Structures are given as structure tokens and as C-alpha cells.
Amino acid sequence: MQVGSGTLSLGHDLVAALFGRAATQAGGGFWMPVQGSTGAAAVDRIFDLILWIAVFFFVLIVGLMVLFVVRYRRREGREDAEKSASHNTALEITWTVIPILIVIAIFAWGFKAYLDMNVAPANSYEVLVTGQKWKWLFTYANGHVDENLHVPVDVPVRLVMTSEDVIHGFYIPAFRLKRDVVPGRYVRIWFRAVKTGEYQIYCTQYCGTGHSDMWAKVIVHEPGGFERWLEEASDFLKRMSPAEAGERLYRTRGCAQCHTVDGTVGTGPTLSKLFGHQVALEGGKTVVTDENYVRESILEPQAKVVLGFQAVMPTFKGHLTDQEITAIIEYLKTLE
Amino acid sequence: MAEAHGGHLAHHFDTAEQQFESGKLGMWIFLATEILLFGGLFCAYAVYRSSHPEIFLYAHRYLDKTLGAINTAVLICSSFTMAWAVRCAQLGRRKALVRLLAATIALAGCFLGIKYVEYEHKWKEGLLWGKRFHAKLEQPAAPAVAPLVRTPSVNPEERSLIAPAAEGPRGLAKPGQRPLWETGTGGPPKNVQTFFAVYFTMTGLHGIHVIAGMVLLTLMLLRARRGEFGPAYFTPVDLAGLYWHLVDLIWIYLFPLLYLIR
Amino acid sequence: MATNNPVFGAGEFGAGQNALGGDNYLSHGHGLKSWLLTLDHKRIGVMYLVSILASFFLGGIFALLIRTKLLTPGSSALMDANTYNQMFTLHGAVMIFLFIIPGIPAALGNFVLPLMLGAKDVAFPRLNLASYYMWVAGALLALLSIITGAVDTGWTFYTPYSTTTNTSVITMVAGVFVLGFSSIFTGLNFVVSIHKLRPEGMSWFRMPLFLWGLYGTAIIQIMATPVLGITLLLLIAERALGVGIFDPSLGGDPILFQHFFWFYSHPAVYIMILPAMGVISELVSVFSRKHIFGYKFIAFSSIAIAVISFLVWGHHMFVSGQSNLAGMIFSFLTFMVAIPSAVKVFNWVATMYKGSIWLATPMLYVLSFLFLFGIGGLTGLFLGALAVNVHLHDTYFVVAHFHYVMFGGTVIAFLGGMHYWWPKMFGRMYSELWGRIGALLVFVGFNTTFFTQFVMGSRGAPRRSYHYLPEFQSYHQLSTIGSYLLGVGLLVVAVNLVHALFRGRPAPANPWGGATLEWRTSSPPPHDNFTATPVAGDPYDVEAWAFDRQLGGFVPRAGGSGS
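Chains as they are written, first to last, in my numbering: chain L, 3 to 338; chain P, -11 to 250; chain R, 8 to 570.
Since the hints were derived computationally from the structure, they do not count as laboratory data.
Just so we're clear, the structure is a prediction, and the values are computed from it rather than from any experiment.
Mixed in with the good hints there might be a few duds.
Said to hold, decoys possible - Below, computed lysine-lysine pairings styled on DSS-like, alpha-carbon distance capped at 30 Å:
hint	chain 1	residue 1	chain 2	residue 2
1	R	K40	L	K85
2	P	K124	L	K319
3	P	K178	L	K287
4	L	K335	L	K275
5	L	K319	P	K178
6	L	K306	P	K119
7	L	K85	R	K361
8	L	K219	L	K240
9	P	K53	P	K12
10	L	K335	L	K306
11	P	K12	R	K203
12	P	K112	P	K178
13	P	K119	L	K319
14	P	K103	P	K119
15	P	K12	P	K124
Unchecked claim - Derived DEER-like restraints, expressed as beta-carbon distance ranges:
hint	chain 1	residue 1	chain 2	residue 2	range
16	R	S210	P	I64	38 to 44 Å
17	R	V505	L	I95	45 to 51 Å
18	R	L147	L	S126	33 to 39 Å
19	L	N90	R	I444	34 to 40 Å
20	R	S330	L	P225	34 to 40 Å
21	L	I106	P	G27	30 to 36 Å
22	R	F212	P	L13	18 to 24 Å
23	P	I64	L	R190	50 to 56 Å
24	P	A34	L	T317	39 to 45 Å
25	P	A61	L	V99	36 to 42 Å
26	L	N90	R	L78	48 to 54 Å
Said to hold, decoys possible - If the Cβ cut is set under 8 Å, some of the chain R residues that face chain P in the computed set are:
hint	residue
27	V250
28	L257
29	G259
Glycine is no exception: its CB is placed at the ideal position from the N, C-alpha and C atoms.
Just chain L, with the same shape it has in the complex (with noise of 0.2 Å):
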């Protein structure tokens, strides 16, 4: 529920806020999203109970201050303190000793629940993850490449992630799940959806000027219709037009956060009547913007780079195939 939605629900959340659950599967609590794994649903337990023991001591704490500033306020009468210890050795060891038996239960239970979310189960189903400026990339099994995360209900999936570039943060709020991808290695982590339906993926570690673009959703089908899915998306290239081909993978392959198809310039030169024309490069010479061109800026982009702009792009050797180039190179044609 949102804040603001009128005052009695306000009042209602408060109060489900304070001593009720985080959230649930059905739908998110106050503090929490929709409980979307089976991971999520002990994290919030864990979250409940620091919730409790932190409301107890806040309450504790600012309640006594309050008491003492009303019944001890320095009035006519009473300008000075009553006399009292300044130190009571047997206190101040209990209340040393509780927080930390109390903050020792707390560190257990979330070490173990690390630990759980930590180890995937032997026969999880396993998705290829690359973070990259600014777009998540996921390879599955056969090899398709997609912009969202596809899984089956109620299967482990394991996550297998590494970045291309710089260090970005591979986040699932419904899931609990969070974790940076690093260039240079892997990272590995688990879940298990329970209930189908869409739920978001953020970056959650800064990382240049589209950080807060780099968004994906998790789409959680029921039974069977994942690999009825994958097979369809996987066949993109068959059943597509070259330029249609072309245009989705423009889409969801990492070239739209930099290249647009309106005309507006973005981090690279805009797509649109790009292709098939003079162009002047960084450096004094000048280019014919055909097929060989796009390929090689593809593929080097570093060789060529456009009078204007910097050389940041990334290579996708070894990321699109020849195919899928091609297909690229005939939607370009169209954007005239």
C-alpha cells in the first residue's frame, strides 16, 4: 500500500508496519514487496524479528527520555538534581551483556540464512547472466540470448554472472537476491520462484550515466510454458524478417542504451539514416557507412570512431553471431 492513500489506511499500515509481517506471497507488507522465492519468505522472518527488537528498544529508550524530561523539569522549586548514583556497577553490566546476547541471536540467524542462499541445490537450472553498461544480458542453456530473465515456477534456477565492463549490482527485490557481477570472474547465486508473474531487476551498483536505465524483469511461467518460451524466442532469427531480427536485437542486445532510432544523440550517433552515407570520423578521414562499416564498428568500434563523439563502446565480438549481424545490418537499412 502507498503512503498517502488516505489517513486511516496510513494509520492501518502503521500499525501492520510495526507488528505484523513484512510482507507475504500474496502481496507486499509495508516494508516489503511481494514475497516472490522461497528465499524471500526467510529473510522477511528475519527482518520481522529485528523489526520487533528494534521497535522494543526505540519505544524503550525515547519513552524513558520522554518520561524523564516531563516528571524531572527543571521548574521553580527544583533547580537542581536529586541526589543519585553516578554509577551503578551491576546495571551497567546487564545492559551490556543483554544487547549482546540479543545481537548475537540476530547474527546467527542471518549468517545461516546467508548461508542457505549461498549453496544451490545440485540440480538447479542454470542461466548465464552478463551485466554490461547499461544492460542486463541473459544466455540460457541453448545458447539464445534474451533481455529478461525467463524461469520455470517452483525450480531452482542458478545464476552464473559476470560483468564486461565495470562493477554493477544484479538485484531481484521480490526475491531478497542481490549480488555485483565484477569483470574479470563469476559469482554465482540461486533461487526458487513460487508464484508466476513479473517482478523487477534494478542495478544496484553505480556504474555511468545509465545506471538507473539498467532495468530487466524476471518472468516467472508456469509449468511448461518456460520451454515453450525459449523455444519460440530462440527461433527469432528464422521466423523474423532479417530486419525485424534486426530491430530486436537493437532492442534487447545493449544497442539502444547508446544509439537511438529518432534522430536524438545519445552516447553514440543515432541509428536513424545512419547507414549508407559520407560520414567524418575522429582523426580527419571519412567513412561510407555501409555494411563492412557497420560490421567493423560492431565488431572494433574503437577503429572508426564518428567525429563528435568518444570511444567507449564496447566490442560484441564473440558476443553477436554473423547472422545476427546481418540482421542488424538490414534494419539499419530500413531506418532511412
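Got chain L sorted already, so can you dock chains P and R onto it with the hints?
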């Protein structure tokens, strides 16, 4: 109120002793910060050496142990002349103090000269850090396991004098793992430039501190010539000496860690 | 500037209760040079105060601009994504390195520490002045980077983004490096002062707790800042020379940067909070008219916090790819470091028990602190728990948490300390009415701004986001309204204090009835601090002072010697 010849009791101190002790404490704290500054680099060294020992084992042979050893001796001598100089300041022996400070500075200059020779060699060979590395690397050395060979003194080929065991100690290696000096492909290990990144940052930062020390000691020398130091006031020389000893100490750690890896 | 308060006997107070119009450190020597080349810790403290408050104002402007942009979730005409990214980076860097790290030690500590020791100055006055100029140089370099290509890496400068972005990282990082020296030398000065300049009768356990706080802080400044120094040098070397130490394609490790960076930056947050806790210890005792409760535990907890703070840096990296073992150790120690802070809070509340609570402006800040730092500290429990941290890391929950402890903790205590020591520093009382209004506005504005961010964060809103999903818009709008209110509150505070400089009632030597030594000299103090060196007693013997209605301040109780 004790006034020293050339010295001066600051108004916020009660006694000269309090002032001297405060200065000493302050200097030791400053030295602690220097240790922590280098500590970060020693930490980076430890991290990279433990994760890629083969790089260190291979690349350190490009350092000249002899020059390194000479430099170590030079710095140790300079610490000796420095300590002697402090003693002369305490005793009020101005001429000796000046000469010893000059000797310390000269030895420091000698250190930097030798370092220049070493750096120049690396530069010419392209044995540089990270992006600048462009050397032609030779094959790794022969394995260190060898038949019992007794060489009288220095062990130039790093062969162990201990007869090889039937099966060597396992150490941190996993079973089946190749010995560290073998890199599988038979060529030099990958990322040799990592060693030189560590080498140049550590010796470079140390070198900057040597230069700073030379400037500091020159200032001390000029003040000593003017007769500012004597038994009642020698604090600056004392504190400069502490700094110089630390600079020496850091090199004494750097030398074996970089030059004498086995 | 004639004072119309009676001179109170020639004894300890020398020139009298109030020294405006007479000989005081402000009137001792005139002209720009007498300030720029001063060796007087009080003048240096005032210069720091002005400089860091200017930095706070600058950082605050960035904050208000950010919050204004965040009223809408999409692109904004106000600023584009790049500008936004630069703005949150600068907000963080300016607030942390120019304002809050020097913060209480440089601005208040420099002024008060020698006075509390009954001393004439800090151990190394020339080093003190040099520290100030290092601050200036570092600040200028850092601000120069705004013009040459404002940094957009976030104040944390994570590699490989910081080694590859084409903004002026080197200039900014060089500025921070120089600022680090200012911090180290201030800490060095304070440690030696506390060791060597304590007067006869002031053993370690007869020292005011503010000094214990400054001591713990100084230890951290000395030990941790050099590690930041080497980290920044390596970052510069990486960018300028391609050293490759953090670059995976050259055999380096980008996570190594994070370890180095947080090894300093976690203890740094205790540099921020320990002096603040020291201020609260002073204030809660004086304004409850009662001896501090549990002196020894509070003193030891300052040291415990300083030591344990070095062992918890990995809790910033639970999702970065540490081993499970490292995660476990850091989580455990993080919970341990919370305990001394909790103990202090209990001690402060216990001090109020059976006291005579005086709700003057500084005390309102104490109450604010207990409320706000309470929330800040308790939300740290969520972040220390490994499994929960995975969900909350890098969301607005973390942003709210650290603003509650840094602003709700340190800045609130700083404001309380300023209101407490303002009469001593400048010889003027400010308007109590406007002081209380300011405190209240700041409290309400702050909570409105930042409590909503806890909820946003736990619901999944990532931080450092120019664009956000529309579901978070009402939270952002509420937060922005709060930030404007907070800004107004701070403005009221500033105007009240500045107005007092010109129109405030002349202050007596001890307007609040404190028992520490700075209250035993005139307001403002003379150049040499004391006309007669006071004898140190129990720094919390506030009951030895009684309020004199005619004077409008406290005097030693009849029959007692005020010690």
C-alpha cells in the same frame, strides 16, 4: 624557564622536558602513520603474491640482487651516520655533526643513484607496470629441484642444497598441481606486469620518502652549520633521525620481499 | 561593544565574566594577517568553523537540487542523468571530506580542547595552522574538480568505473589526499596534547568525556587515514600511469580497491560519531544538572569503538564477492561494535534520571540526538545481519541509515555543541526562542526527509538512481518536502546564531553551569586562555554551581570552591 642556545621554550609548555617529550611523541605517531601508508602496499604485495606466486617467482629474477644488496648496505650505513650525528648534536660537537649529516645525505644520494641505474634498465627493457609493460620475456628458469650441489658461498642458481625428498612437502599446493615455476604452457606466466606494478609502486613511494628525507636533512645541516644545536636543544636532529631510521627500516623489508623471493 | 554586566571579582575570571570590549582573543591583534598567520588555537578553530560550515552549505545545496529532481521519476529539465550523477557524488564528497570528517574536532575541538585541559594551546600550534591550510588546499583542489570535469563515480570511487570514467577523478582524489593530511595532523596534535598537557590533578579518568571522544577519534584519524592515502595514490597511479593494480585485464583485482577503501572509510564514520558522542556526554550532564552516569563505561566504550571499528570494514562488501567466512566474521564484529554505542545511550538516559532537566536549546539537540541516533543505530542491526543485508544493500534503506547516524547523530550533536559553546566563543547569547524553533524544524524536517527512505529502500528502491519506478514517487515527494523544511530549519538556526554575534546579550562566563575548565574563564576567553590557571576537579561536578539570576549565569556555589 630553561632557554636553550638556539632553542626556545614555547609559551604553552611548562618545561623544556615537556616540550621535548611532546615532540618525540608526535614524531613517533607520525612514523606510525607512515608505517600504515606503506602497510597498504605491503598488503597488496601479500594479496598478489599469495594468489599468483608464480608471477613473483618468475619476475623477481629480473631484479639485480647485487645492486639491491649494495643499496641495503648503503642505507644501513646512512642510518649509522645519522645516529652518530644525533649523538654529536647531543654532545655539542658541531663540526662532526655537520660532517655526519653530509655523509648521510651523500649516502642517500648514492642510494638514489643506484636506484636510477636499476630503473633505467627496467625502462629500456620494457619491464614496467600494467599498461606500460612491453618486455620480451624469456623462458622460466630450470626447476629448483637438483642433485646435491655444494657451492661455497652465494647460491646464484637458487638450487636447493637440500637433497630432494622422495615426495616434497605438500605445502599449500593441491595434489597434482604443477610446481610453481612451471607454467603449463612452458612459457612465462600470465600478467608478469603485476609484479612490476607492485615493485615500482613500493620502491617508488620509498624513493619519494628518501628524497623528502634528503631535503629534511639538508635543512638540518644548514641549521647545524649555524650552530643551532647543542646539548640543551637537539630535538630537530633527533626527530629527523627517527624519520631516517624508518626510511631505512622500510627498505630492509622491501629488499628481501622483492629481491630475494624463492 | 560595552558590556553592562557587572565585573565578577578579579580572581579567576580576570577581566570579568564577559570580555567583549576588553582584551579577548578576538580583539587581540587586528587585521587579516593576525588571523591568517595566527597560532592561537581559538582563532584557528573559528576559521575552521567558518570554512566547514560553508562546505556544509555547499553540500546542502547539492542535496536540495538532487531532492528537487527526484520529485519526478523520469528525465527532468532541471538536470540530465550525467549532471545528477555528478551532483550526488559531489554532495557525498563535499559533505564527508570537507565537512563532517574535520567537523567537530576541527571546529569545536580546536577551540575547546586546550581550554578543557587548562592549557594555553595545543601541543603543536604551528602544525595546527598548517593543518588548516592543508584543509584549504585540499578543499580547493576538490572543488577545482567541479570545473575541470565534475566527478561522477559516487564518493566511494569504486574501480573499474573510477579508473575508466572520463571525469576529473584525479583532481578530486588529490584534493581528498591533501585533506587527509589535515585530518592526520589534527589527530596527532590532539593525542600529544592529551598525553602531555593535562594539568596537575587531571588524571585520565578525571578528563571530560568530550576529550575521551576526541582521543578515540584522533587514534582513528592517525591509524586509518594513511590507508586512505595509499588507496588514493594507487587510484591516481592507475588512472595516470595504468599501473594495473585494480584492472582485471592486467592481472589486478577491482575488489582489492574496495577492501582498501573501506579499511579507512569504516573507521572514518567513527571519526564522525565519537566526537559527537563526546559532545552529548557534556551536554546531557550539564542540562540535567547532574553528574554523568557511568563515566568509566562511557570512556572505555570510546576506546572500544575506536579499536573494533578497524575490524568491520567488510560489512560494506557482503554482496561484493567475499568468502562466506569473511562475511561471518565481519557480521559478528559489526554487531559487537554496536554494543558500546548502545551502552552510551543507556548511560545518557540514566544521567537524566532524577536530574533537573533544563530544556534550553542545546538540550533539545540532545533529545533529538537520542531519538535520531537511536533510529540510526537500530537500523544498523538490519544491515549487520547477513541475509537481510543482501536485500537492503545499495538501496535507499542504507541511505536513510547513514543519514540518520551522520546527520541525526553527528550534525545534531554539532549543532548542540555550537549552541552550547557559542557564548564562550563569541561572548554573546542567542535568542532561546529562535534556537528552539530551529531545533524543532530541523527535527521534523529531518524525519520527514529520511524516514520515508527506509520504507522505499526495503521495498526495493536502489540508490543513486536518476530514474525510478513510478511506484516510489509519493515517497520521493514526501522526502523532498521534508528536505525543504529541513533547509528552512537550518536557515533559522544560522540566522539566529549570526544575529547573536551582533545583537546578542553579553554572555557570562558560565551561562549553562558546566563544570569543565573552559567555563572558568571569561566569555570570550583572553588570548592566553586563562589569567590564572584553574585547578582541575571533577569535570561533572555541576552541582557545585548555582544560577545567579542577576548575572544570568552560573557562579560557584557559596561555600564551595567551584572545583
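Quick rundown of the hints versus the structure:
1. R/K40 - L/K85: violated, 52 Å
2. P/K124 - L/K319: Roughly 28 Å between the alpha carbons, so the hint for P/K124 and L/K319 holds.
3. P/K178 - L/K287: violated, 37 Å
4. L/K335 - L/K275: holds, 8 Å
5. L/K319 - P/K178: With Cα atoms ~22 Å apart, L/K319 and P/K178 stay inside 30 Å; holds.
6. L/K306 - P/K119: holds, 22 Å
7. L/K85 - R/K361: holds, 8 Å
8. L/K219 - L/K240: holds, 25 Å
9. P/K53 - P/K12: Given that 30 Å is the threshold and the Cα spacing comes to 36 Å, the pair is violated.
10. L/K335 - L/K306: Satisfied, since the Cα-Cα distance of roughly 20 Å is no more than 30 Å.
11. P/K12 - R/K203: Given that 30 Å is the threshold and the Cα spacing comes to 11 Å, the pair holds.
12. P/K112 - P/K178: holds, 21 Å
13. P/K119 - L/K319: Holds, at roughly 22 Å.
14. P/K103 - P/K119: OK: P/K103 and P/K119 at ~22 Å, within 30 Å.
15. P/K12 - P/K124: Measuring from Cα to Cα gives roughly 50 Å; hence the hint is violated.
16. R/S210 - P/I64: 38 to 44 Å: holds, 43 Å
17. R/V505 - L/I95: 45 to 51 Å: Holds: the Cβ-Cβ distance is about 47 Å, inside 45 to 51 Å.
18. R/L147 - L/S126: 33 to 39 Å: Violated, since R/L147 and L/S126 (Cβ atoms, about 55 Å apart) do not stay within the stated range.
19. L/N90 - R/I444: 34 to 40 Å: With Cβ atoms ~38 Å apart, the hint holds.
20. R/S330 - L/P225: 34 to 40 Å: The hint (34 to 40 Å, Cβ to Cβ) holds, given that R/S330 and L/P225 are roughly 36 Å apart.
21. L/I106 - P/G27: 30 to 36 Å: Roughly 31 Å apart at Cβ, these two residues keep to the hinted range, so it holds.
22. R/F212 - P/L13: 18 to 24 Å: holds, 21 Å
23. P/I64 - L/R190: 50 to 56 Å: The hint (50 to 56 Å, Cβ to Cβ) holds, given that P/I64 and L/R190 are roughly 51 Å apart.
24. P/A34 - L/T317: 39 to 45 Å: violated, 35 Å
25. P/A61 - L/V99: 36 to 42 Å: Given a distance of about 57 Å, which is not inside 36 to 42 Å, the answer is violated.
26. L/N90 - R/L78: 48 to 54 Å: Holds: the Cβ-Cβ distance is about 51 Å, inside 48 to 54 Å.
27. V250: holds, 5 Å
28. L257: Because about 5 Å separates R/L257 from the closest Cβ in chain P, which is inside the 8 Å limit, the hint holds.
29. G259: Holds, about 7 Å.
Hint compliance for this structure: hints 1, 3, 9, 15, 18, 24, 25 are not met, and every other hint is.
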